[in-house]
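Given the sequences, and given the hints that come with them, work out the whole structure.
Residue numbers (the UniProt record's numbering), protein chains in the order written: chain A, 1 to 369; chain B, 1 to 369; chain C, 1 to 369.
Hints were generated in silico from the structure; no laboratory data involved.
Treat the hints with care, since some could be wrong.
Identical chains share a label here; the pair holds if one copy fits it or two copies do between them.
Stated by the list, open to error - Restricting the straight-line Cα-Cα distance to at most 25 Å, the calculated cross-link-like pairs of lysine-lysine (DSS-like) are:
no.	residue 1	residue 2
1	K82	K333
2	K82	K261
3	K186	K312
4	K333	K312
5	K200	K230
6	K82	K186
7	K261	K312
8	K164	K82
9	K137	K230
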Amino acid sequence: MQQTANAPKIGSKSIGVADRDTPLLRNYWYVAAFSDEITREPMRRTILEEDIVFYRKEDGTPVAAQNRCPHRSFPLHTGTVKGDRLVCGYHGMEFNADGSCAHVPALNAAPRAIRLDTYPLEEDGPLLWIWMGDPAKPDYSRLVRQEWCTSPEWAYVKGQMYMKANYLGLHENLMDLTHFPFLHGKWNIARPEHAAAPAKIEEEGDVIRQSETHDDVDMPPAIVEAAGMKGPFNREAHHLVQMPGMHQGMQVTVDSSDPPKRDVQHIIHIMTPETRTSTHYLWAMARNNAIDDAELSAQIQVVGDGAFTEDKVALEDIEELVARDRRPGFREKIIKTDEGGIRVLRLFARLAEREQAAEPEAREAVAAE
Amino acid sequence: MQQTANAPKIGSKSIGVADRDTPLLRNYWYVAAFSDEITREPMRRTILEEDIVFYRKEDGTPVAAQNRCPHRSFPLHTGTVKGDRLVCGYHGMEFNADGSCAHVPALNAAPRAIRLDTYPLEEDGPLLWIWMGDPAKPDYSRLVRQEWCTSPEWAYVKGQMYMKANYLGLHENLMDLTHFPFLHGKWNIARPEHAAAPAKIEEEGDVIRQSETHDDVDMPPAIVEAAGMKGPFNREAHHLVQMPGMHQGMQVTVDSSDPPKRDVQHIIHIMTPETRTSTHYLWAMARNNAIDDAELSAQIQVVGDGAFTEDKVALEDIEELVARDRRPGFREKIIKTDEGGIRVLRLFARLAEREQAAEPEAREAVAAE
Amino acid sequence: MQQTANAPKIGSKSIGVADRDTPLLRNYWYVAAFSDEITREPMRRTILEEDIVFYRKEDGTPVAAQNRCPHRSFPLHTGTVKGDRLVCGYHGMEFNADGSCAHVPALNAAPRAIRLDTYPLEEDGPLLWIWMGDPAKPDYSRLVRQEWCTSPEWAYVKGQMYMKANYLGLHENLMDLTHFPFLHGKWNIARPEHAAAPAKIEEEGDVIRQSETHDDVDMPPAIVEAAGMKGPFNREAHHLVQMPGMHQGMQVTVDSSDPPKRDVQHIIHIMTPETRTSTHYLWAMARNNAIDDAELSAQIQVVGDGAFTEDKVALEDIEELVARDRRPGFREKIIKTDEGGIRVLRLFARLAEREQAAEPEAREAVAAE
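Here it is in structure tokens:
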């Protein structure tokens with residue numbers, strides 16, 4: 001366990017930090033979609049550069065399979081679901097939910113050699129988790145179920161966006177509250193002096209935790225009013241990164257009422273890489289107070305959609321610039337407050353190295369088959 | 001001459017089968033355009049990755065030349081035709097129909113060193129054939145004139161589409177009637193059980209023939225009515241592939257009238273590669289009965305436009321998926337009914353090898369010049 | 001100093017001639033923008049593949065800096081200008097006009113290690129020049145101030161376009177009046193026989209001059225009328241190329257009045273490469289007669305916008321064709337009247353070789369830093 005050094009230091013991003021060229025991490029659970037996106041109609045989503053089709057069986061169980069007919073590469077999401085089977089729209093091949101072939105009309109048979117890769121799924125309230133590693137060996141110890149999203153004591157709002165940017169920039173963005181008063185200036189959630197608030201960082205194994213305190217802050221007026229709270233506020237922010245596809249935020253806000261009201265929110269950011277330069281960005285904010293207050297939910301939705309879109313646009317602007325600007329020798333600078341984000345990037349670089357080191361074995365297995 | 005083995009077998013596409021990486025075949029005649037596309041106005045079409053300009057001389061003879069002024073690469077199709085000459089819109093250079101320079105205004109001369117490559121053409125009714133090999137050595141033995149398109153005993157309808165997909169997928173599609181009840185389900189031309197109809201395949205030299213029989217099939221009602229036939233029908237389908245740019249289909253349909261009516265149709269599919277991932281797709285359907293029946297022609301046009309657009313869309317969807325899905329180690333599976341298509345792909349792989357083997361000689365010739 | 005050989009000769013473009021693959025030339029002044037484009041609002045423009053932000057200080061001095069925050073690559077043009085400082089919209093980092101850091105909110109400090117590259121600028125009437133070489137060593141001997149654009153004795157009109165084409169084609173276009181009667185046929189500025197007018201070319205050091213005479217020419221009627229001149233005209237055209245980003249044209253026109261009227265115009269073409277296949281094309285036409293005649297200015301504007309757009313479209317058509325046409329072994333032909341343009345291309349090839357030869361030293365300097 002390490003603490004951030006207090007000495008200011010300016011460095012450059014260098015070797016050992018994950019970036020656009022780092023292989024995407026496979027042996028993890030990612031949120032593939034919100035559960036309500038998956039219906040009896042097949043739905044396509046590309047994750048880690050693999051095209052995947054999702055649908056539900058008659059009993060409601062979700063299915064994820066390669067969205068590519070093994071016969072002639074036809075996209076299966078344009079086909080139909082018949083009972084629990086997925087039917088290809090080109091030659092009518094039928095596949096069971098476990099990926100095995102159920103029927104090839106042209107053969108009037110169901111050959112074992114024709115099958116779809118399927119993906120282990122876990123449904124967790126509104127979240128549909130997908131295991132992107134070896135489908136035979138999903139590691140359930142790496143699955144982090146979210147209590148807030150199934151417990152009756154919590155209410156949540158959620159949203160999603162398609163982001164034409166690498167997912168790592170979003171991780172950096174989220175470990176860093178110093179951009180609040182600037183990129184999110186219009187929401188009134190921090191003033192410039194809060195940018196210098198020190199962060200406490202803890203790293204243990206492959207888990208990174210960070211927290212910081214913002215005293216005497218404002219909040220978006222519509223939320224303050226809907227929540228019946230009274231400014232100014234003291235805010236503790238907690239961050240937890242334990243897998244490549246999620247940033248688990250928690251925010252504890254204490255108001256100036258007498259006695260003070262205390263508000264706890266989970267702020268969950270989901271970044272599921274589509275490619276190295278595009279990301280499915282989903283988010284949820286959950287609270288355990290005034291959970292039936294529809295007006296409060298509506299105001300939180302407005303702020304979430306608004307502020308997280310600012311992050312998305314910023315990260316897309318960066319992605320576009322990086323492709324455009326051929327400035328020789330440019331390397332981004334690191335400042336003290338980047339410590340948390342940089343640790344995340346270092347962690348992911350280590351995880352990628354570990355996966356690549358294990359890869360030859362996997363490749364041999366494929367070759368032997 | 002070989003017959004299809006009857007034993008079902010599942011294999012994978014592998015070496016020896018033409019695919020997107022196979023060099024396009026040059027020493028063949030392709031249909032460049034329908035004749036009525038070529039007028040006195042210059043028209044551009046890219047074929048086998050060469051940009052070509054087409055126009056007609058005053059006497060109506062079609063001309064095909066490189067669409068690139070040898071002087072400064074200006075596209076000649078934006079210029080004008082003056083008499084039989086093509087005039088570049090940039091510096092006014094004039095070229096004769098044989099590609100020789102007729103006039104360079106800036107020199108007031110017509111230097112021999114400035115000339116256009118031209119392409120041997122053959123007009124065959126509605127088809128304008130172009131030789132894409134060495135222009136000095138067009139091989140007329142490889143030109144397959146189509147009797148149906150010039151004989152007064154035949155009537156035809158035709159159509160064309162631009163397809164953002166490699167041309168080989170269309171060849172596979174056409175050797176395979178097993179997709180009829182699925183991709184073309186709405187046209188009523190086969191039921192799922194017909195997918196298993198066995199095909200007879202013959203291969204002799206560089207020519208592949210295939211045929212199959214569908215008994216007790218329906219036909220699109222509007223066509224049945226316009227043709228004055230009576231279902232159900234027995235149908236023989238014949239396929240002939242003897243060059244990379246055409247699939248010659250023929251269909252013999254016998255109805256349930258007493259005595260039975262017999263209908264013969266040529267169904268010609270033209271796939272002229274633009275690039276390795278885009279194709280000019282032209283088609284024609286010719287019949288020798290009721291050739292003056294405009295209503296029947298109109299109904300055939302509807303079915304042709306509709307059904308062949310389904311093929312085009314399917315092949316474009318596949319092309320998009322192949323570019324998107326980076327699934328490691330994926331290789332398409334082959335089933336028994338793919339035999340005909342696979343033979344075509346093997347044939348084209350052999351033809352490409354043959355051309356590449358002859359290439360060094362051609363390159364030396366260019367270098368010597 | 002060399003004269004054009006009179007013997008007609010047809011050659012091919014070959015080694016020694018700059019083309020799309022030639023590295024862009026850095027150690028020169030380019031026109032970054034028209035001065036009135038630069039305001040207190042930050043403006044982005046990519047030049048030589050570097051993304052640059054422009055704004056004005058409170059005293060009006062223009063500033064050019066890398067449009068990429070050194071911290072997280074955020075595009076600075078989306079930020080704000082505060083006093084003389086540029087403020088990043090992501091984390092609020094502030095930069096002085098000299099590129100040094102003025103304030104990092106998260107550090108409450110201004111570290112020296114965080115800074116922007118800035119670009120030497122020179123404002124010259126409507127032209128904002130930028131030095132794209134080593135910012136520490138702008139070579140003012142290479143800056144060619146334009147008298148016509150600051151002298152009260154001259155009036156000018158100007159225009160600008162974004163051109164999706166390499167800048168070299170525009171240089172070739174401008175050394176060559178032989179395209180006037182064809183590409184610009186509708187403006188009545190030359191007849192086909194003028195294409196053969198011989199050019200006089202002088203080359204001295206890195207400077208190329210060319211001139212030619214067109215006797216008995218017409219002019220666009222609206223300009224003739226507005227200028228109160230009388231056709232036919234004799235025209236001397238002068239060309240001067242002494243840097244990669246500008247073609248300095250001058251045109252002396254003598255009319256058929258008694259006594260003859262003599263009109264002198266500077267026709268300045270500015271080609272600032274964005275990338276190897278895109279160019280910022282700016283132009284100006286300056287005259288020293290009837291300088292207060294708004295109607296004459298308006299007519300010149302119409303002709304400039306119209307005719308130079310014809311060049312832009314032609315060069316974009318060529319760029320598109322070059323990417324499309326994979327004709328093997330194609331090489332553009334050179335004719336006698338291309339001599340001037342080819343000399344420019346040879347000059348730029350030599351300049352690029354010189355810069356590349358000096359490059360290792362520059363790279364060592366970067367590495368040592």
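Outcome of the hint check:
Taking the shortest alpha-carbon separations for K82 and K333, only the inter-copy value of 23 Å comes in at or below 25 Å, while the best intra-copy value is 55 Å. For a Cα distance limit of 25 Å, the shortest separation of K82 from K261 qualifies neither inside one copy, at 53 Å, nor across copies, at 39 Å. Proximity of K186 and K312 under a CA criterion of 25 Å is satisfied intra-copy only: 16 Å inside one chain copy versus 43 Å between copies. Taking the shortest Cα distances, K333 and K312 sit within 25 Å of each other inside one copy (21 Å), while across copies they are farther apart (40 Å).
Taking the shortest alpha-carbon separations for K200 and K230, neither the intra-copy value of 27 Å nor the inter-copy value of 83 Å comes in at or below 25 Å. With identical chains, the CA atoms of K82 and K186 are at most 25 Å apart between copies only, with a shortest distance of 18 Å across copies and 50 Å within one. Neither within a single protomer nor between protomers do K261 and K312 lie at most 25 Å apart by alpha-carbon distance, with minima of 32 Å and 63 Å respectively. Taking the shortest Cα distances, K164 and K82 never come within 25 Å of each other, neither inside one copy (34 Å) nor across copies (30 Å).
In this assembly of identical chains, the alpha carbons of K137 and K230 never lie at most 25 Å apart, being 51 Å within a copy and 59 Å across copies at closest.
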